[in-house]
Every structure is written in C-alpha cells, then in structure tokens.
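A.B. asks: Below are the chains, spelled out letter by letter.
Number of protein chains: 2
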Amino acid sequence: MIAIDAMGGDFAPRSVVQGALQAARKNIKVGLYGDQVQLFSLLYEFDLNWEKLPIEVVHCSQVVEMTDIASKGILKKKDSSLVRALTDLSQGAVQAVVSAGNSGAVLVGSVLLVGRIAGIERPAIGHFIPNAQGHQTFCIDLGANTDCRPEQLVQFAIMGNVYTKMLQHITSPRIGLLSNGHESCKGSHLVKETFALLESYPELNFIGNVEPIDLFNGRIDVLVSDGFSGNIMLKTAEGMHKAILESIEQAYQGSIWRSLLGFFNQKIFSSLHDQFDNNRLGGALLLGVNAPVIVAHGNANAWAIENAIKFAYKKTKTNFINRFIPPVIEHLKNHTLIVSEMNAKNLHSTIKFDRSV
Amino acid sequence: MIAIDAMGGDFAPRSVVQGALQAARKNIKVGLYGDQVQLFSLLYEFDLNWEKLPIEVVHCSQVVEMTDIASKGILKKKDSSLVRALTDLSQGAVQAVVSAGNSGAVLVGSVLLVGRIAGIERPAIGHFIPNAQGHQTFCIDLGANTDCRPEQLVQFAIMGNVYTKMLQHITSPRIGLLSNGHESCKGSHLVKETFALLESYPELNFIGNVEPIDLFNGRIDVLVSDGFSGNIMLKTAEGMHKAILESIEQAYQGSIWRSLLGFFNQKIFSSLHDQFDNNRLGGALLLGVNAPVIVAHGNANAWAIENAIKFAYKKTKTNFINRFIPPVIEHLKNHTLIVSEMNAKNLHSTIKFDRSV
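One line per chain: the protein sequences are A and B, in this order.
The numbering used here applies: residue 70 is where the first sequence begins, and numbers increase by one.
The numbering used here applies: residue 70 is where the second sequence begins, and numbers increase by one.
To be clear, the hints were calculated from the coordinates, so they are not data collected in a lab.
Take these hints with a grain of salt, some might be off.
One copy or any two copies: either way a pair holds, since identical chains are not told apart in the list.
Computed cross-link-like contacts, DSSO-like style, restricted to lysine-lysine with a CA-CA straight-line distance of at most 30 Å [to be verified]:
no.	residue 1	residue 2
1	K311	K121
2	K311	K141
3	K145	K121
4	K311	K145
5	K234	K121
6	K95	K261
7	K311	K261
8	K141	K386
9	K261	K145
10	K402	K147
11	K98	K402
Owing to the predicted nature of the structure, the values given are computational and were not obtained by experimental measurement.
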C-alpha cells in the first residue's frame, strides 16, 4: 500500500483525494491519512462506489501545516497525517509515502522516522528535468536543504551518479555544479569549495561549473546544487514557462484572424504545455532515506497527485531503494573524507529492507 | 564621453566595436579602450568612414580575462582596458563606463577606483525585468555578489526602493525577498535573517518572501536577492525562454502545412522573442558606486552593446547617479543599525560629483 498524506498541499485534502481515487482506479492500493470526516465526505462526493476500490482511510487528528517549523511539526504532532504515514513506512506497514505538504517537515520526518542511508548526512530531492530534445538532466537538490556544506553537495553528486546510472544506463554520467558562470573561479564560497572536492574525486565524471542554460542543452546528466538555488532554478523555469504560454494565449486574441490562427496552433501549443508541465512529473524522490518517500509539489493538482502515486508505486514495484542503497554506500566507503565521523561508523553496519508492494 | 571596455565579453572586441559604432552613429561620444591594432582594424572593417564619427580609441596593453581572479586582475593589470576606463571615470575624464567583461572585476574595480556610496558596503547589479503584461520588477542583485550578509541585502532593498521610486514614480514600491516559499519560515539562513531585518524597517513596504513566479505576475516592484540566487534566476529565465522558442521553431518543421502555419505566426513569435530578449536590455547599472558603471552581459552581441551604451548615455544625461545618491544616504542615516561602523563614519561626509556629458 502507498500511504498518502491527504492533508498536505495547497489544495488538500480535495485534490489529494481526487488524485488518490484516480490511482486506485488503476489498481494501486492507497492509504489516505487524514481527518476521516473530510476524507469520507470527499470520497463519496467524487465516487459513490469508492468502497469497491483499493482505498483505506487512516484517521489522523492532526495536520502539519505549511507554516509549521519543520522539526516542531514532526515532534509535536504525533497524530498528524504526515507523522503517521512515515511511522507506518518505517514499520513496513506501507511501502511508500507521498506528501505534497510542508517539504521541510517531510525531510525532518523522513530522517527521524524512516532513517538515512548510512553515510548520507542530508536527504535531497532529485528528479529528471526533460529538455525539448528529450534529454533528461537529473537535478539534485531541488529544495530539501536550503543551507548545505560542500561535503553534502558531494554526497548529492554521488546519489545523482548512482541514480542516473541505474535509470538511464549511462556508464559515466556527466556531473555539473550549478554556478553563476562556467569558469572555475565563479560561484559562491559553497560552490568553490564543492568544486575543489568534486575535482579530487576521480570516480565521478565531474565536468565543472555549469549555468542554468545547461539544463536545456543536454550538456550534462546530473546537475548538483544546494536546495535553495535548485529550487529557485526549478521555480523560475516553471514561472517562465507559464508566462510565455500566457503571452502566446494573449497574442491570439483581439481579432478573428488571430483567433483562427490560434485555433490551428492549438495542438502545437498543447504539446508545448505538456513538455514542461510539472504536474506531469507529479513528485520527486527524497533520495538518501531508507525507504521511498515522494515529495509532490505544494500546488499539486489531482493529476499531479495521481502521477506521484504512480511514480511511488513504480519505485516500490521495482524494489528501487533497496537496489539504490548498496552502490551509494560502496561509493561512500571508498571516500570517507566526505563523510563525517559519526556517519562513517554507520557505513559498516549492514542495512536491509524488504519492501515489496 | 562614454568609456567602453572594448576587450571585455565573450565576443570582444568584435561585437563591442560594432555596438559602439552603432551608438556613435546616433551621436553618442564613445571611447574605445583596448588594443589599438585590433580596434583600428575592426573599425575600418565595419566602416571606412568611422573617423567622422564621435569615436576615440584609447590604447591599453592589457586585458582582464574572464578567468582572472577579480581583485588580482584589477590590482595587477594597471594598463588593462577595464582599469583605465574606471580610472578615467573616477577622474571625471569620462562620464560612464560600459563593460561586458569579468563582472567580478568590474565590481572590485568600481569599488577601488570609483568608490562606493557612503554607507553602502557592496554595490549590486540592478535592473528592471518586464513581464508579459508590461509590469516591471526591479531585481537587485542580479550577479555582483555571490556571498552576502543580511545587512547588505537590506542595503540592496534600500537602493531598489529609491531607484523604483525615481524611475517608476511609485510612492511606496512593494519589496519582496527571493525565497523558496512564501511563508516566513521558508528560506536559507540568509533569507530568514534578512526577513527579520526588513520587517523591522517601517520605511520600506516589505511584503515578505516571494517566489520566482512573482517576477511574472506583477505582485512586487522590487525583488531583493543575493547575487548568486539572482543570477541563477535571471539565467534560468533566459534559458527557458530560449528553450521554448526553439521548441516552437521545431514544432513548425516537418510538413508544408506546419511550415505555412509557422509563416503566419512569425510576427507573433518575433514579438514574443523581443519581450524577454536580454539583448534589448543591453546592460544593467552597478548600483552603489559613485558614478555610472554599466555591466553588460558576457555574451552581449553588438545590439546589446549599443543598447548598453544608450542606457549609459541616458543615465549621464539625466544626471541620474547624483540624484540617486542623496536619498540613499538619507535612508541609511536613519537606520545606521544596518551600516557597519566604518561605513557609518562616511555617511556624514559630503560627496559631490558633477558628471554631465
């Protein structure tokens, strides 16, 4: 079963319930965690026969709000939909968690309740971003960690390297470091220190600093950044995409001739819309924790939630996290310099998870 | 005369000379600083009658390269086009400097040679970014300072406030702080500390954290950020814009029907192209120094250089910097908390510049 934090997100619980229903209709077993009065009422509103679908409602009396400080939300709201879902994941009662709620709280909760991969200090949000030519760049971190240390960025690079190798079957993924210029002298202190660390790391195919344009031209396979810059990049790309499509829409208004022209262009524009639509991606994996946690957009609509659940289902069905963990640990064992002492100890203890759906 | 760093930029000196020629044809007096052999040769290549235009060539034997460390470039290359141009600006021999070269070096050179506005610790790159509806958001810093302190971001906010008031005649510009979420709990340490400072500052109309989407929806008049995040945002917007236009171009290939459709759409797409074309902006002011220094894009083409020179000319003709400095100093005098002790002393000394073209 996939546990859904039904109370998390700008349009929760309505669009979350709707998205979960859509996924359940495709035979994915979902658990809706949240206020049962609201959840039952929405389920009946959307589908009078919902009880025939593989849906379970798990009542939780609390909600971690978007405005809650992450750690406080997790520590104080033991009966919140998020904490309950993550606890069930840690105990093996569910196989994955999907949340569109407070991403800081999802991070803290995952670390505290589900646990990190040995050697990884901070889990990070990673996802493929496609360009117009069909090339995909795996971007990590897209928003989990607003302040990072250079060693943590190298750990992101290692996770991105393993992830891309596994899913894109690239022998040696080209890794770029997000900066304000291609030159090695460019970047913040963080970027400069990370650059030096990555350069001294022969197992990674580090090609140097890259700029946001390289997300679109297929020059790299993995883009490493702290979560603040990565998030600004992601949200700017989305904002620009939305702004241009609105401009196009406006341009085809005002005269019959223009409206007619717009009509003929519809198919082209709708494919353009799909190409960069973040709802199609649905959600992203929180890489670095011991079980699949999927972070969906705060403003996810029902379709996005459905896609995030499908994504979670795929990851559990392929037993992805269990195959992802060993090569990451192997990497880190060889390069304990970037692992803090406390974490280094854990590297040699064996971790085993069995999470089939 | 406007001094042009003819050796700075990815396409220098060729596109810089070409852009300067175009500006000179519009009766703007320009000084081309750089290697005279190359400059004369290019001038004759572009226009056999260039000597009739208001162009002066100032020979300099050195170049601050893009790969030079900023401070070393400035301190060691005394006869570089950039250092000579900035020195002439500081001595009043020219009225403004335009450079598409190493922006870090332009910053350091401006601070050392031209001097800062009293109370301002770090000059910043500020510019209006238009959205599709014609609203303009003044963004500061777009790339001068990769690492900042909260007090410096407040100083950027003050400069943005004065700039927007002067040029857009808004009584109380809405100021937003770039973050990874609207909630006050979101953001890096830098953002959180800056948020607290800005909130305690009643003279500024601070509306809180904003996301990149707010650049496109007209919700704010001034967007404050450190130069790293601001630069990532700017370059992502440009990259996405370019990627979408390429997608559109591709979509109209493949069949006669599509090509024909593309032909009818040309006018609409070209206006879309212009709307966000960074070459139209040309260059941005380095705010916080005592005379007009204009930073152009590293990859500026001739048209961009021409526009940057026109922009510089306009700023000198309207005596902009001299009108900009007093209200900034006045602001800072009232709020010495955000000014370091060393800078506070300078606040009370009078600074005078007379820079008419």
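A.B. asks: Compare the structure with each hint and give your call.
C.D. replies: Status of the hints after comparison with the structure:
For the identical chains of this complex, K311 and K121 are neighbours neither inside a copy (38 Å) nor across copies (49 Å), given an alpha-carbon limit of 30 Å. Neither within a single protomer nor between protomers do K311 and K141 lie at most 30 Å apart by alpha-carbon distance, with minima of 35 Å and 43 Å respectively. Proximity of K145 and K121 under a CA criterion of 30 Å is satisfied in neither setting, with 35 Å inside one chain copy and 78 Å between copies. Neither within a single protomer nor between protomers do K311 and K145 lie at most 30 Å apart by alpha-carbon distance, with minima of 38 Å and 47 Å respectively.
Taking the shortest alpha-carbon separations for K234 and K121, neither the intra-copy value of 40 Å nor the inter-copy value of 62 Å comes in at or below 30 Å. Neither within a single protomer nor between protomers do K95 and K261 lie at most 30 Å apart by alpha-carbon distance, with minima of 48 Å and 43 Å respectively. For the identical chains of this complex, K311 and K261 are inter-copy neighbours only, at 28 Å across copies versus 33 Å inside a copy, given an alpha-carbon limit of 30 Å. In the homo-oligomer, the alpha carbons of K141 and K386 never lie at most 30 Å apart, since the shortest distance is 33 Å inside one protomer and 56 Å across protomers.
Only between protomers do K261 and K145 lie at most 30 Å apart by alpha-carbon distance; the minimum there is 23 Å, versus 39 Å within a single protomer. In this homomeric assembly, K402 and K147 never come within 30 Å of each other (Cα to Cα): the closest approach is 35 Å inside a single copy and 50 Å across copies. Taking the closest pair of Cα atoms, K98 and K402 never come within 30 Å of each other, the shortest separation being 37 Å inside a single copy and 64 Å across copies.
Against the hints set out earlier in the document, violations occur for numbers 1, 2, 3, 4, 5, 6, 8, 10 and 11.
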